[in-house]
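**Q** Chain residues, written in single-letter form:
2 protein chains.
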Amino acid sequence: MRKLVSLALAAALTVTTLRAQGIEHGVMPAPRSIVLAPGGVRVDSGLTVALTGFRDARLERATIRMIERFEARAAQPMSRSLGATSGARLVIDVKAAGFAVPDLREDESYTIDVDATRATLTANTVVGAMRGMETLLQLQAYDRTGGFLPAARISDAPRFPWRGVNIDVARHFHPVAAIKRTLDGMAAVKLNVLHWHLSDDQGFRADSRTFPRLTGLGSDSLFYTQDEMRDVVAYAADRGIRVVPEFDVPGHTTAWMVGYPELASAPGPYQIERRWGVFHPTMDPTRESTYQFLDRFIAEMVTIFPDRYWHIGGDEVDPTQWKASTSIQEWMTRNGVKDLHALQTHFNKRLFTMLDKHQREPVGWDEILQPDLPRNAVIQSWRGMNGLTQAAKQGRPAILSAPFYLDHIKTSAEMYREEIIPAGLTDAEAALVLGGEACMWAEYVTSETLDSRLWPRLAAVAERFWSPAHVTDVGDMYRRLDLVSRRLEEAGTLHASHTGRMLRRIAGSSDAATLETFLDYARPRGFAGRGTNQLSPLTRLIDAALPDPLGGWRMQLLAQRAVSGDTAAARMLRRDFARMATFETALHEMQPRVPLARDGFELSGALGTLARIGIEALDARRATTTPPAARSARSDSLLKSIEGKTFGLLRPVGAEAVRILLTN
Amino acid sequence: MRKLVSLALAAALTVTTLRAQGIEHGVMPAPRSIVLAPGGVRVDSGLTVALTGFRDARLERATIRMIERFEARAAQPMSRSLGATSGARLVIDVKAAGFAVPDLREDESYTIDVDATRATLTANTVVGAMRGMETLLQLQAYDRTGGFLPAARISDAPRFPWRGVNIDVARHFHPVAAIKRTLDGMAAVKLNVLHWHLSDDQGFRADSRTFPRLTGLGSDSLFYTQDEMRDVVAYAADRGIRVVPEFDVPGHTTAWMVGYPELASAPGPYQIERRWGVFHPTMDPTRESTYQFLDRFIAEMVTIFPDRYWHIGGDEVDPTQWKASTSIQEWMTRNGVKDLHALQTHFNKRLFTMLDKHQREPVGWDEILQPDLPRNAVIQSWRGMNGLTQAAKQGRPAILSAPFYLDHIKTSAEMYREEIIPAGLTDAEAALVLGGEACMWAEYVTSETLDSRLWPRLAAVAERFWSPAHVTDVGDMYRRLDLVSRRLEEAGTLHASHTGRMLRRIAGSSDAATLETFLDYARPRGFAGRGTNQLSPLTRLIDAALPDPLGGWRMQLLAQRAVSGDTAAARMLRRDFARMATFETALHEMQPRVPLARDGFELSGALGTLARIGIEALDARRATTTPPAARSARSDSLLKSIEGKTFGLLRPVGAEAVRILLTN
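Quick mapping for you: the protein sequence lines, in order, are chains A and B. Residue numbers for the first sequence, in this note's numbering: 97 to 760. Residue numbers for the second sequence, in this note's numbering: 97 to 760.
There's no promise every hint is true.
As the list claims (entries may be wrong) - Residues of chain A placed beyond 12 Å of chain B at every Cβ, according to the derived structure: (1) 308; (2) 585; (3) 638; (4) 722.
Claimed, not checked - Going by beta-carbon spacing under 10 Å, a handful of chain A positions derived as facing chain B: (5) 241; (6) 271; (7) 306; (8) 368; (9) 582; (10) 604; (11) 688; (12) 725; (13) 726; (14) 728.
To be verified - Distance windows between CB atoms, simulated: (15) A:631 / B:625: 49 to 55 Å; (16) B:180 / A:631: 19 to 25 Å; (17) A:504 / B:175: 31 to 37 Å; (18) A:317 / B:571: 39 to 45 Å.
It is worth saying that the hints were derived from the structure and are not from the lab. For each residue, glycine too, the CB sits at the ideal point set by N, CA and C.
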């Protein structure tokens, strides 16, 4: 069933096809400009790499890592001497170090030139060279005798300088190993910001020596030590990735108050919040002690997080405690603070002054965008495009997250189709849009399911952040996504083995195989609607399901070909439908052994219906007479009852393909 | 193809089968005594657990972990209150804490009694209770409405108190995350010793503040910080697992000498050794400075490793440097040390005195077993059974490793069939045999392949260490091994997804599927013969292959049934043979896209031959006439050219089944 897509991909990697098609490559994000040609340089045990320009330990480490990946693919050892010999097969020529600490202003551009005898990677900075190395690794193709870098001319630079992902470790904790393999995956697709959401109502994850009760009472003992955070920051820096810590204030702060109730706007005691949502506990912006606490806390944390930016959160501030507090109300009257928005802005201004003292620039969610807000804050737009537009029009820097919520479980295509620059901005305003961040909120994500929710979809988002705006071909994106997905496993991500691993536990092995096929046609429902909390196990079929099974896109392709008269495609699609029709019976038979199979009952019925409509539509094409209008109408109405719908916790894959059959 | 085995297993877990068969259970290692009965206690959101006897934080943590695993299986939250209420469904009654630090003398016994209303786990110690909890988790069965603990009476205690695995982190480094998931797997099968081989010629992995150049120059920056080692020790202790550090001396010490050449018996400088084998660098046992160094080093490390035992290594001492050193030869003459064995014993005696001062008992590989050796040292027998017998006869404690070298890539059955107590020992001598350790030497194992080399085979070895000597049914072992393999994934081990993960990188996805089927009929060759060193990538088919694909045993079962006239079994076996016959062509077709497929060429031919002989043998059974003797002789001779043989780096699976067909 995966045969079609992958055969096409495999073929695309042979010399012949490269010659014939010229422009098909496996690089993701797509470079600004890439031209492939016949011939190239062998990647085998004779590969020699030279650093001919600037060199430092970071560049050397990155180069060795690249060589190790080439070695692993070839299963052959290669030279690691990194001489400056002009006879080397791969020459890396870097101008200068770039910023000592990864920086928004880093020059990440590079060029690659591969001819028949040599590959040359040139870059102005070490980070630029690292971006180019990932391109080289993705460029590698195979022929009968082994790997090679096809002849190519590539000139590349990112469209946006801020390309990140927000990893929430508060709702569910992700250990350092999960963060590190995520950083490796990010580096592979040229993302450069780890936005680390380190505190929220449900947990405080960064150990503070100044305030030990933050993790001592607010973390269930699930937190990062300072050594671990420094290790993550160094690991990220080694890959040209910034780490922007977020300590969300003044709302989303219950976990702070478990150990330090005096921070709150109402008396404690407080407990770690187990539910999801927006909660009352909010810092008291009218007490000096709040600012003294934050000042000492920030002073400690900036020694760990060297990035110039500091994320203050600022979202979803629940005004209940502020409204209920006589002392806060009195303080507002006394100080002429006219409403609760103004009160938050007062808090933000104090915070910004403090950050300025600690040489940090603030970032905040779009709620902080109030008239009085100082100009320097970066606005992270999450409630739609509005915040972005408004910020830019006010002359503020901004980043976009709204369309890129990975926990909303949209397909790669849906996220890929989003444009980042809002319509109607002047060039100067558009230039204030620094880029974007995908968001991986963790209400419904554990460290076990994290990889499957991040990858490979995040690679499609990374392309939106890096590649020119005109790179929008969804089909070509999926072709390369299938490739990059396997290459991400090289970095240690566990997404591709996720479903099997969870299903073997849910079921016995033969039942697991059936469920695995079932999940080729199922996607998780989006955010919310599960009625779970922090203590609920996330081990159901929805958790084993992938957000965007590649078969969904494959079936759409087959349907498009089928309606253009491709009988082989029609035959393959029939096979999908035949499979989809089996699950209702199979899942019921499985039930006595596998109680959790009940999660699939509702959807299995819908898939059976989809299969029936699909087969009828294919039959109708084959028939010489037009089917009666009544039958078409019934099919259409049945399909409408399924497409875009949720069945239990799952959504169907394949409805789009059936829709193509019905309407063409 | 996996259908037969797993269907049987799945069926074995329903109430009906439990009733019908009485004794089939999924517990591994098998308990000393277990009787199942109809009925039992539901494991669902209504599960309540009470601690009615002794309780401490360790017991509470272990109980919560157990509940979390029940929760994850049911995908339902359960109460975590751990009250002492008598109405609880699961009552855990512990007498006392047991040893503060996991100890060889720990009482690990427990009993379980499940009736229609309640499950009761009783144990003398917290560790005993933890062993029982793993049994409860393995006991869980499913019916239509969910999980339950079947009515049962279990009385259990280990046969041997020392049940370990030696993890070599010197040849290849395994990060903390790999060690922790290994500990979780060990706990699940009741192993209780992590023997941590922390130094060797190829790397020094334990950070020392007293001697920072040990890791500073001897580790390629791949080492454990002291915090990390303490974390591992605490993690292990929380699971009732001892951590015995090994710092192998006086041989296998090149990595020490990179930073401290003065320890050696010949002048330096020294480099980290990249090759495998036995090397010249050996500590100088005639210099006081050597002992001063070791004394200070041990003094530092005992603050990290609280176990009463300390492994001194002592294996494979290369006498080249000792023989060549005039000063050492003179010293020997001066001190009446008659030969090099006596010189090592002199070194060991000094070391033992030092260990005694630091309140540690020595453990050493069987080479240390020399006449003069003090009596207290535990002898680890690795060169055969001889060391064990000799040690016991001399009144010394001993543990067995020789048959349990996981890197020798024997099948679970081969290791399972080994008995630990040598023939010819008196009861008193036999009582000196403390148990055994499997060994996971890492010349050909990286952290990527570690899990697949450990699991599930180590579970079969664990049963040999824990269960009564009479538990030897290989078929029943494999039935339960298939179950425990899935349950190990719950602990986070990555063995079951290993082959797919590596093959997706080696090949495209359709080619990966073909290779995955191919590896159902292939095993890695044993230790050595690869000609690689520490810097070689281990990313070939041999690395993706599993040491003991379960299909091998399944085919033997089918062959046995086929020769007893079971035509369904014969039909399934034919399907295997048909598949085996396809690989030669398939691998050649794949070659232009997947150069590493060449690793399978040799074996694919042999599998084709096996398939042909097998099909002929099945045909002959169906025929009414006896096949000509010449054909049988030819089949036999062809089979002999394949069984037990290695083809490239791979060995065939299925030859045993064909042998059964030919000889029955």
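**Q** Determine for every hint whether it applies to the structure shown.
**A** We went through each hint and held it up to the structure:
1. 308: 17 Å, holds
2. 585: 6 Å, violated
3. 638: 9 Å, violated
4. 722: For residue 722 (chain A), whose nearest Cβ neighbour in chain B is about 38 Å away, the distance exceeds 12 Å, so it holds.
5. 241: 7 Å, holds
6. 271: 7 Å, holds
7. 306: 20 Å, violated
8. 368: 14 Å, violated
9. 582: Holds, because the Cβ-Cβ distance from residue 582 (chain A) to chain B comes to roughly 5 Å (cut-off 10 Å).
10. 604: Holds: closest Cβ of chain B sits about 4 Å from residue 604 (chain A), inside 10 Å.
11. 688: 5 Å, holds
12. 725: 41 Å, violated
13. 726: Not OK, violated: residue 726 (chain A) not within 10 Å of chain B, min 41 Å.
14. 728: 36 Å, violated
15. A:631 / B:625: 49 to 55 Å: Holds, since residue 631 (chain A) and residue 625 (chain B) (Cβ atoms, about 51 Å apart) stay within the stated range.
16. B:180 / A:631: 19 to 25 Å: Once the Cβ atoms are compared, 22 Å apart, the range 19 to 25 Å for residue 631 (chain A) and residue 180 (chain B) holds.
17. A:504 / B:175: 31 to 37 Å: Taking Cβ atoms as reference, residue 504 (chain A) and residue 175 (chain B) lie about 32 Å apart, which means the hint holds.
18. A:317 / B:571: 39 to 45 Å: At 44 Å between Cβs, range holds.
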